Structures are given as structure tokens and as C-alpha cells.
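Trainee: Sequence:
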Amino acid sequence: MSEKQEIQETQETKETKETKNDETKKETEKKEEKEEKKKTVEKKEKKKTNKPNEKKETKKKKVRSKSKTKKRRGSKKKTSTSTKQPIVKQVNPEEKLNSLTKDLFTNVTEYAQGQFKIVKEDFTALQEMNELSTNKYSQMKQKSSQVLKELHTIEEKESSIKPYLDSIDTIVLNVDDLYKTVQELDSYSKNLQQAFVQLENSVRDRNRKIKASSKRKDPMKSTALPTDISQITKQIYLSDYFTACNERVIKKYRISHIVRLLEDPNSGRIENVTYFYRNWEDTFSYFIIEDLIELFNFVGESLKTKKNRILFHCFAGVSRSSSAVISYLMRKKNCSYEKAHKLVHKKRPIIFPNSSFVFQLKLWKEMGFSLEGDSKPHQTYNLLSSQSRIWKIYNNTLKGILFQSKKLTEKEQSKLCEQVLLEIVQQIKKEKILIPNTISDNLLTKVQNEDQLLLKFFQDSLNIRYRFWCRTKKPKGDNFVTLLEKLYTFGDLENSFNN
1 MSEKQEIQET QETKETKETK NDETKKETEK KEEKEEKKKT VEKKEKKKTN
51 KPNEKKETKK KKVRSKSKTK KRRGSKKKTS TSTKQPIVKQ VNPEEKLNSL
101 TKDLFTNVTE YAQGQFKIVK EDFTALQEMN ELSTNKYSQM KQKSSQVLKE
151 LHTIEEKESS IKPYLDSIDT IVLNVDDLYK TVQELDSYSK NLQQAFVQLE
201 NSVRDRNRKI KASSKRKDPM KSTALPTDIS QITKQIYLSD YFTACNERVI
251 KKYRISHIVR LLEDPNSGRI ENVTYFYRNW EDTFSYFIIE DLIELFNFVG
301 ESLKTKKNRI LFHCFAGVSR SSSAVISYLM RKKNCSYEKA HKLVHKKRPI
351 IFPNSSFVFQ LKLWKEMGFS LEGDSKPHQT YNLLSSQSRI WKIYNNTLKG
401 ILFQSKKLTE KEQSKLCEQV LLEIVQQIKK EKILIPNTIS DNLLTKVQNE
451 DQLLLKFFQD SLNIRYRFWC RTKKPKGDNF VTLLEKLYTF GDLENSFNN
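For reference, each letter of the sequence shown is one residue, going 1 to 499 in full-length UniProt numbering.
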């Protein structure tokens, strides 16, 4: 590009020189024309001044001619024999030479002065051109230095973006495998949906029977009171949401404490009953181990007095509340998951904890019911907790950003994607999320710095979440922004059940 610009500038300088030379020639021609006009005007003025003199001379000539004719007439009469010779005026050659030399000298001086003026103007024009060329050369030098700096910055940016692009390619390549798991989850979700419908119908029927039985005179003595409550031990009960909101049932079984594992903490609350509330989501993504210690302490303190009785409930009394009861029995009796599950299943056959809760409860037993330690179960716990926290960060960062990507171009989308990933890495640092040592050692062989390590760990955890949660079809296109948008909008199975 620099050579082309120099050629163009040389051409422009030549053209400017030619134009200036033409202008100088035109100016000289105009000056010569003006001088010629002045000379013609001066000649005319001289003629005007000489006209009266010429008239006088013509009159004198006429008088002389008359006198001559008279003399000739007289001479004819006298018949003189002598003949008059013509008078010739003699002119000095030196005077002629002097006049000619003067004329030549004046002409030469005028011509030389005109040429000197032209040369002087050309010289000034060349000086101006030289100054302009030096200024342009300095400007071109500055521009070339700026361009070199920009090229260096672009190369640095390309080197920094390369790992992000490689990680994006890996995510796109994993989409095919994830789609197969999504199809399996579709079939599983349909079965779960049917089971939930059956449970809702059974709960509605039981509530109708409860309302019908409430019209009797002595409902407390009635043995035909249908309730969806199961007594697991002397002090522990398990039920669904509607039974836990029925004040008559709570009074009948003398429930003093309730463990509620639903979204709404205030609906259907009963007076003189203490509540323990946690919003457990019945999904494969929710992490319950962090709440088990507080839950165990609450249940232990509430059951110190023998009169107190505690009721665990979720929406249907199938997955969340049963997992909470099993976790308490496992720690209280120091038994395995299978033994605690059998004990609860005998009293309530409809329990069915989801596979994620089962895995976490088994891990809880391997960890020795404590969160502190360096064993492999503790490392897997740290991994799962960090992944769940990363997923929350991921959801929070994408709420206001991803839905703008549809209006942007591909370049703007790639820039936006890079910004999202950098924001996620910064928030992971703020949250002080720790990666297990074994995983960080393996990842450090593939990446170069800490930011890339956190980003790689985030992408791996995101792939794992996508296998468990994503319920949509294969995303169209290879753009990472669309993939993230699909992950955000279809990331939760519980929301898909309501559709």
C-alpha cells in the first residue's frame, strides 16, 4: 500500500508542476499582450499629437509647391542653360549603429526581465512543492508507524482470541453427542409427565374425599378419613403439598414442625407450627448437599422432645421430600442409601427420588456426612458445587445479553460472545470458585493461563449440564451465540413439564 501511495503522490506533484508552468506561461503571455496594447495606445496618442504639426507642414508644403511652380514658370521664361542637381542628405553610419544597438539592448533587457520573472516564479513554485513533499513525507512516516502499531495490536488480539475460538469449536463438535442424550431425556420426561398427571389426579380425588368427610360430626374419630400422609417413624411423617396445608390433618397427627421443599414458603401456612423452608428444584441440576447439614440440625433439635412430630413434604411427596427423609435417616443411623431407602419405601411405596439426588446422597455417605476433607468424594463434591455455582453465574450473565444477538451481525455476535465468556471468567474469580487439583492439573496441560483454565472448566461443566438438561432439538447453525441461547432458554426440564 505504501508504494502505491508514493507513486500517486509523485504523479500528483508532476501534475501540479505542469499546471503551475502552464499558469506561468499564460501569465507571461498576458503581460506581453498588455505591453503590446500599451505600445499601440502610445502610438495612437503620438499620432494624435503629431496631427496638428502635420497640418502645418502640409500647409507649408503647399506654399512651397506654389512658390516652386511660380519659379518654374519664371525659369521657363528665362531659359537658363544650367541644370540643378538633387540635394542628398548624408547620414552617419555610427548613429544608425547606435540606434540599432539601443533598440536591441532594450529588447534584450525586456526579454531577459520577462524570463527572469518566469524563472523566479518557477523557483518559488518548486520551493513550495519541496515543502509540501517534505510535509507529506513526514505525514506518511507517521501513518506508517501507526499502521505498524495497529498491525502488532491486531496480531496480539488474534493470538489471544485463538484459544477461545478453539474452545468454541470443541463445543460445536459435542452437539451431536448431546442431541442423542436429549432424545433419551425426551422419552424420560414424557414418562415423568404422565406420572405427575396421575399423581395430581390421585391428590385431587383424595382432597375431594377429605372435604366430603369434613362434614361429619366427629371427624377426629372417623377411620375413613382419606389422607396422603405416611408415618415413617414415630416422629417423622411424609406427605404431599395439599395434605400439609390441611389444618385438620396436622392437628390429628399432632404435627409441630414442617419441612417444606417448594417454591412458595407462605401458601397454606398453619399457625403454631414451625417451618423449615428450602426451594429444592426437582431437576438434575439442583445441588442439595449444601442444605443437608442445616436440615439435619433442624430435625435433630425439633425431635429432642418426644412430643414433637415433624412432617416432610414437597408437591407430591415422591422425590424431594423422600430424599430429605432418606438423608436424615442415613446420618442418624449411619447406614447406606439402600437401607434408608428400603425403610422409607415400606412405609410409602410411591417414593421415587431422581437420579441426581440419589447420586448426591451416596456421595454424602462417602464424604462421611461432612463437607471438609481431601478425599476423592470431597473432590467430586467440590467439582459439583463449583459447577452449580458457575451455572448460576452463566444464567445471570446471559439474561440481558443473549437476546440482543439476533439483531447483530456475525462479527458483532463473535465480539459479544467473547465479552460474555470474559464476564463469566471475571465473576468466577469474584466468587472464588475453586477447581479440584486433579482437574486443574489435567487442564493446565491444555491451556496457557488461569483465565483459559477457568474458561475450559466452565465449558466442560456446561457440556455436562447440557447433556442432562437440554430438551430442544439440534441447534441450527454453528454459531456459539445461538448455542448459548438454546442452552439458556431450554436448560431446565422442570419448566418444560409445564408446557
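Because the hints were derived from the structure by calculation, they are not lab data. Please read these numbers as outputs of a predicted model, since none were measured by experiment. For glycine and all other residues, C-beta sits at the position ideal for the given N, C-alpha and C. Treat the hints with caution; some may be incorrect.
[As the list claims (entries may be wrong)] Below are the PhoX-like pairs computed for lysine-lysine, each with C-alpha atoms no more than 25 angstroms apart in a straight line:
| no. | residue 1 | residue 2 |
| --- | --- | --- |
| 1 | K304 | K365 |
| 2 | K332 | K342 |
| 3 | K102 | K34 |
| 4 | K347 | K333 |
| 5 | K30 | K149 |
| 6 | K162 | K117 |
| 7 | K120 | K252 |
| 8 | K346 | K362 |
| 9 | K136 | K162 |
| 10 | K251 | K304 |
| 11 | K307 | K376 |
| 12 | K120 | K96 |
| 13 | K307 | K332 |
| 14 | K162 | K34 |
| 15 | K143 | K162 |
| 16 | K141 | K39 |
| 17 | K333 | K252 |
| 18 | K365 | K346 |
| 19 | K149 | K34 |
| 20 | K117 | K149 |
| 21 | K117 | K141 |
| 22 | K362 | K333 |
| 23 | K31 | K44 |
| 24 | K376 | K347 |
| 25 | K120 | K149 |
| 26 | K96 | K117 |
| 27 | K25 | K162 |
| 28 | K136 | K117 |
| 29 | K347 | K365 |
| 30 | K25 | K44 |
[Unchecked claim] Ranges between beta-carbon positions, derived for each pair:
| no. | residue 1 | residue 2 | range |
| --- | --- | --- | --- |
| 31 | C335 | R248 | 45 to 51 angstroms |
| 32 | K43 | E128 | 39 to 45 angstroms |
| 33 | A112 | L151 | 54 to 60 angstroms |
| 34 | C335 | S385 | 35 to 41 angstroms |
| 35 | F116 | L151 | 49 to 55 angstroms |
| 36 | K136 | K43 | 32 to 38 angstroms |
| 37 | T13 | V119 | 16 to 22 angstroms |
| 38 | D166 | L363 | 28 to 34 angstroms |
| 39 | E366 | T233 | 38 to 44 angstroms |
| 40 | L100 | T13 | 33 to 39 angstroms |
Trainee: Hint by hint, note whether the structure agrees.
Mentor: Hints versus structure:
Taking the CA atoms of K304 and K365, the gap is near 24 angstroms; set against the 25 angstroms cutoff, the hint holds. Straight-line distance between C-alpha atoms of K332 and K342 comes to about 15 angstroms, which keeps the hinted pair within the 25 angstroms bound. Only pairs whose Cα atoms come within 25 angstroms are accepted, and K102 paired with K34 is accepted, the gap being roughly 23 angstroms. With a C-alpha separation of about 17 angstroms, the suggested pair K347 and K333 falls inside the 25 angstroms cut-off, and the hint holds.
Distance hint between K30 and K149 is unfulfilled; the C-alpha atoms sit about 53 angstroms from each other, more than 25 angstroms. With a C-alpha separation of about 66 angstroms, the suggested pairing of K162 with K117 is violated against the 25 angstroms cut-off. Among the hinted pairs, K120 with K252 is inconsistent with the structure: their alpha-carbon atoms are about 121 angstroms apart, more than 25 angstroms. Restraint check: the Cα-Cα separation between K346 and K362 comes to about 20 angstroms, which is no more than 25 angstroms; the hinted pair holds.
The straight-line distance between the Cα atoms of K136 and K162 is roughly 38 angstroms, outside the 25 angstroms bound, and the hint therefore fails. The straight-line distance between the Cα atoms of K251 and K304 is roughly 20 angstroms, inside the 25 angstroms bound, and the hint therefore holds. Restraint check for K307 and K376: the C-alpha separation of about 41 angstroms exceeds 25 angstroms, so the hint is violated. A hinted pair counts as satisfied when its Cα atoms are at most 25 angstroms apart, and K120 with K96 does not qualify at roughly 36 angstroms.
For the proposed pair K307 and K332, the alpha carbon gap of about 19 angstroms is at most 25 angstroms, so the pair holds. For the hint pairing K162 with K34, the CA-to-CA distance comes to about 75 angstroms; that exceeds 25 angstroms, so the pair is violated. With a C-alpha separation of about 28 angstroms, the suggested pairing of K143 with K162 is violated against the 25 angstroms cut-off. Pair hint K141 plus K39 does not hold up; C-alpha atoms about 55 angstroms apart against a cutoff of 25 angstroms.
The hinted pair formed by K333 and K252 fails the criterion: a straight-line CA distance of about 28 angstroms is larger than 25 angstroms. With a C-alpha separation of about 22 angstroms, the suggested pairing of K365 with K346 holds against the 25 angstroms cut-off. Restraint check for K149 and K34: the C-alpha separation of about 58 angstroms exceeds 25 angstroms, so the hint is violated. For the proposed pair K117 and K149, the alpha carbon gap of about 48 angstroms is over 25 angstroms, so the pair is violated.
A threshold of 25 angstroms between alpha carbons decides the hint, and for K117 with K141 the separation of about 36 angstroms lies outside it, so the pair is violated. For the proposed pair K362 and K333, the alpha carbon gap of about 15 angstroms is at most 25 angstroms, so the pair holds. At roughly 20 angstroms between alpha-carbon atoms, K31 and K44 fall within 25 angstroms of each other, so this suggested pair holds. For the hint linking K376 to K347, the alpha-carbon distance of about 34 angstroms lies beyond 25 angstroms, and the restraint is violated.
Straight-line distance between C-alpha atoms of K120 and K149 comes to about 44 angstroms, which puts the hinted pair past the 25 angstroms bound. With a C-alpha separation of about 32 angstroms, the suggested pairing of K96 with K117 is violated against the 25 angstroms cut-off. For the proposed pair K25 and K162, the alpha carbon gap of about 63 angstroms is over 25 angstroms, so the pair is violated. Simply put, K136 and K117 have alpha-carbon atoms about 28 angstroms apart, too far for the 25 angstroms limit, and the pair is violated.
About 23 angstroms separates the Cα atoms of K347 and K365, which keeps this hinted pair within 25 angstroms; it holds. Distance hint between K25 and K44 is unfulfilled; the C-alpha atoms sit about 29 angstroms from each other, more than 25 angstroms. For the hinted restraint 45 to 51 angstroms between C335 and R248, the CB-CB distance of approximately 35 angstroms leaves it violated. Range check, K43 to E128: about 40 angstroms between beta-carbon atoms, so the 39 to 45 angstroms window is met.
For the pair A112 and L151, the supplied restraint of 54 to 60 angstroms holds, since their beta-carbon distance comes to about 57 angstroms. Between C335 and S385, the C-beta spacing of about 25 angstroms breaks the proposed range 35 to 41 angstroms. Our hint of 49 to 55 angstroms for F116 and L151 holds, since their Cβ atoms are close to 52 angstroms apart. Checking the proposed 32 to 38 angstroms range against K136 and K43 shows it is violated: the Cβ atoms sit about 52 angstroms from each other.
Our hint of 16 to 22 angstroms for T13 and V119 holds, since their Cβ atoms are close to 19 angstroms apart. A C-beta distance of roughly 33 angstroms is found between D166 and L363, which places it inside the suggested range of 28 to 34 angstroms. E366 and T233 have their C-beta atoms about 25 angstroms apart, which leaves the hinted 38 to 44 angstroms range violated. Roughly 46 angstroms separates the CB atoms of L100 and T13, a value that falls outside the hinted 33 to 39 angstroms.
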